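> The chain contents come next:
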Amino acid sequence: MSGGGLLNLGSTALQAAYAQLQTTGHNISNVNTPGYTRQTVNLQTAGTLQTGSGFIGRGVAIQTVTRSYDQFLATQVGVAQAGASADAARAEQLTALDTLLGDTSNGLGVAIDDFSASMGDLVNRPFDSNARTVVISRANALAERIRGVADSFAQASQAVEQRLQQNISTLNDQLVRLAGVNNQIASLSASGQPPNDLLDQRDQLLLGVNKILRINTTTNPDGTVNVFSAGGQSLVVGDSVAKFAAQPDALDPSKLSLVLKTVGNDVPVSAAMLGGGSMAGLLRFRDEDLAAASGRLGQLAASIGTALNTQQALGLDPSGAAGAPLFAFPGPQVSAASGNAGSAVLTASVTQGSGLAPSDYAVGYDGTNYTVTRLSDGQQSTVSAWPQTIDGLRLDLSSGMPQAGDRFLVRSASVVAANFSVAMASGARLATGLAVSTQTGAANRGDPAVAAFSVDSVSANLTQPVSISFDGAGHLSVSGTGTGNPTGIAYTPGMSLSYNGWTLQLKGTPAAGDTIQVQPNPSPGTDNRNARAMLALSDARITAGQTFVGAFADLLADVGSRAQGAKSSADLSQTLLNGAQAASSQVGGVNLDEEAARLLQYQQSYQAAAKLMTAAQQMFDTILHAMG
Amino acid sequence: MRVATSSAYDTAIANINERQSQLVRTQQQLSTGRKLLSAADDPMAAAQAERDRSHLQRLDLARRMNDFARTQLGQADNILGSVSDLAQTIREGFVQAGNGALSPSDRATLATQFQGYRDELARLVNTGDGSGSFVFGGQGASSDPFATAGTAAYVPVAGEQKVGVDFEASTVLDGRQVFMGVASGSGASDIFSILDGAIATLRDPAATQASVAARVQSTLGSLDSLLDHVSQKRTEVGEQLRQADARASLLEANSAETQRQYSELMDVDYAKVLSDFSNSQTAQQAAMKTYAEISRMKLFDYL
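Here the protein sequences come in this chain order: A and B.
The opening residue of the first sequence carries number 2 in the numbering used here; numbering runs sequentially from there.
The opening residue of the second sequence carries number 135 in the numbering used here; numbering runs sequentially from there.
Hints listed in this document are in silico derivations from the structure and should not be mistaken for laboratory results.
If a hint is listed, it holds; no wrong ones were tucked in.
25 angstroms max Cα-Cα, derived SDA-like pairs, lysine to any residue:
#1 169/B to 570/A
#2 432/B to 27/A
#3 568/A to 415/B
#4 406/B to 159/B
#5 568/A to 167/B
#6 169/B to 558/A
#7 432/B to 598/A
#8 568/A to 149/B
#9 296/B to 447/A
#10 406/B to 569/A
#11 568/A to 141/B
#12 296/B to 443/A
#13 508/A to 372/B
#14 568/A to 159/B
#15 508/A to 304/B
#16 432/B to 604/A
#17 432/B to 600/A
#18 432/B to 588/A
#19 612/A to 437/B
#20 296/B to 454/A
#21 568/A to 418/B
#22 296/B to 444/A
#23 169/B to 101/A
#24 568/A to 179/B
#25 296/B to 450/A
#26 256/A to 342/A
#27 432/B to 597/A
#28 568/A to 169/B
#29 568/A to 157/B
#30 568/A to 414/B
#31 296/B to 458/A
#32 432/B to 19/A
#33 432/B to 24/A
Okay, the calculated beta carbon distance ranges per label pair:
#34 453/A to 388/B: 21 to 31 angstroms
#35 618/A to 433/B: 28 to 38 angstroms
#36 262/B to 486/A: 39 to 49 angstroms
#37 409/B to 390/A: 53 to 63 angstroms
#38 158/B to 406/A: 45 to 55 angstroms
#39 181/A to 165/B: 49 to 59 angstroms
#40 495/A to 339/B: 56 to 66 angstroms
Please read all numbers here as calculations on a predicted model, not as lab measurements.
Each residue gets a CB set at the ideal place from its N, CA and C atoms; glycine is no exception.
Extracted from the complex, chain B is given alone in its bound form:
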């Protein structure tokens, strides 16, 4: 079988070039640290890697929302705690007021004290959440959710604003549920009107001992109702916080697992690629050496 001289050289050169490009490719993988240099290397893996990358960003988004919710809920819990403490203090004051006969100056003192508590409560229910919204802003408020002068009114749409992807967590609470609809002697009403009524009775010089005592009793009932609402809300908030904490751990774990899968698809296995590189180098050297040997053998040398 004949072999044309030029085609023998061409084949040898083609082999050397082939090995060379293999070496260059391996070197590129090593220097970029990426197994997949482009989608053509492994289209299915490249598509999966892109999905994994996106999933990581989405988990990050979920984490941010969840953290925001935790902050909001934590803050709400604190405020509810303060409300609870304040309501207890007011309650103790009324218990005191119910003990025995009160002189007009005692009543006046108590009335002033209760007015102070009432004003503090009015401030607490309108606490801002520091990000531009309000802790008890319902489904969204741009200004104080409670109008507390005279008969109180709850301004925003009652309910809770929620955030979440795949989950729901409250970030703004329903103020109406806690502070309005408090039980009172004359049906449901709001805590501010109830306190105003008690303060007015205490300030009224014509009020009898009996009517004061009755008013105190009914106010105590209302305060118990309020404390009940607050406790209920705190339980709900606590439960949501617990879920948010659990969710944070889960998101963390998912992130780590997705990152691992992504690395497996994209990152170079240095041990394998270094060994491939070494093999390619050896093959390249063999190709070049044999080329040199063969090209030395010419009949013309012997003539």
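Just chain A, same shape as in the assembly:
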């Protein structure tokens, strides 16, 4: 029997209760600390004393302080966070782009229609110089609007790259700090007790990294973790920390791409290797969504420019000169990737009469064959001999030879819009008339007539006089240079004849000896037929099967549905993240009411323990007094 033993017992109880009170206080203080996991004191009995009359307990001992941490749930949060960050980053950029295009009252569609309206006035009065001036001015407004939209796309791309740089800088910083915390944890764990607050800190850092790219971790026996990217690269292993950087892409130096700087070389990091996180979302936006919108814009601009320029060339301006191009825009540009070992030079040009696909292309050489990849959808074709025409682009090896691994970038749709401009300074050069006119014979007794007439190509014999004669008995003959002078052609009203680059549709009932003449146009400045043809281009479905405005409406719908899809993905992944976080905080989060209850509980334990010590003290005093 020893009062000291009881005193000791009391003191262990007091210490235990005090530790619990402290831990509860720590929990309460950190209720709002992000990443804090609630801590609990693990108690166990302090052993027993074996006596003849039984085992006497020796009180309580503090085993350790642990945090209520569930590794599985925490990993789930990391995965959900990577997904949510990627979706949110993409949705934010797409929403901004969609808002930008959304004000259609001042949009590209209006500019196209305004240009058509001015062309309509020119059809009414082809000789009117004011009408011509308005056409040029509306053409300039259209070109400016096209450039404006292209400029917005370029700015969106730059915004993405700025964010990428920021993300990389934050990421590199966090990786370094992770390595630091790892070391601290390793040295503290050597003591045998878990360094809970450092562990929380490290988990927060890991979550922060997951916001930028998705990671996997493995835990080592010494308590440190190794961090790997979703693509398998080591990011933090012991003291070695990877460093990310963004540098001009080898194939397309106008864009930044990610590299992982390791000893010796730079490993390129593709969006797929990121697996998630805001960088993946940003890259997906830039390389898929923005590229698609930019491709459609380029396709539309090229379609407008080519159609108008081609029609101009088929007509004459008032001075009698063939129509000069109305719009100017760059053709396809080929560049070799930096790091190409060979000397090959590729060229690209657009084949006459075909539309541009809404895409750029990459050409690669593997030592035997060339592979042409359409960047918008990844469609590949193999080429073994040059020249080749793909999607209306004529590609050719103009000089030199490549080596295996060489790559080339063909910028087709993406360069058109940013440099789209009006090539014509004065409306006097608008080719409103055609080079040839048709006229029925003055002495005709029947009523043969021209239902429709068009110039389809500028052939050498276009302005050669041609005469069509009817025999009144259902036949006609044609005479004139370039026609071959056929006779006895069966005549049916509505039939068409094509010679020398023009097409003429006949109607009416001819009498014997009636004629129709095709001759050079003496007054192209008062002729409106080519202006009518230019106006008709606005209704022609020549841009991927759509009219000009239809193609613009499709661009709006494409960006809109991408933005809509991205928003719902972001909402969904945010909901998943919320769920994962709720599950995790269910286990590790601090509930103030619970802590309040525990506070009461541990206070009572403390008071009881103090009472025990007082009792032990009194017993000792009693013994002392008893001894006198």
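Chain B: place on chain A using the hints.
Quick look at chain B alone, frame taken from chain A:
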């Protein structure tokens, strides 16, 4: 089941924010009057709305062309009317000339009269249309379509200049069809040469009564032919005018219908959105009130 204090607050705040953004969005719709704030709200509707907007502009373009054609055709009709009146007057003059014997002074008087009519006709056929072109300018003329001194010639390419999107209407008429190729005793010719011939005969002191009578007869025939051509042309012009008028009504109706479709896609249905706004407000208030209530309940208050 445990609920961490901070996550309980976080959820409540997230709900309040969600309701807040819903309210802001509804308020934006109300103040702009637009249902679709951007294409992301309804991509298909946004694309259709853009097509509708374009269609409205195109209908407007068609209307302008059609109105221009109506003006030109109306003017042409007026001129043809004047030509017809003048030709009738000339005809009556020749009928008079064919009645009985004419003294040399009568013939001289008539010749002067007919010369006056001939000059007036020469002016009429070269009438400008007020916009820089000519009523009878064929497929396009930048100066007088008829050269009327001596033997007349029609300068422009014969035919008609047309305008239209989806339709065709003439804005410049074929002068050759009306004034050239007029029937005369010596095959087809132009009305001016015919009149000149008649005037010359009347002025010729050596012309016999018989030759004058013959000339008058043949000229009457030519004038009938001219009146025939003019009447034919007026019928054609009248038909085109009728079609243009009908087209104007159709374009009007199409415009109204397209505008209605466009409004349906773009414009806010105030009744619905105001009711949505009111619901959102109520939900927001409920969220905020319950937040206030729950945050008041703390165990610490009771200790």
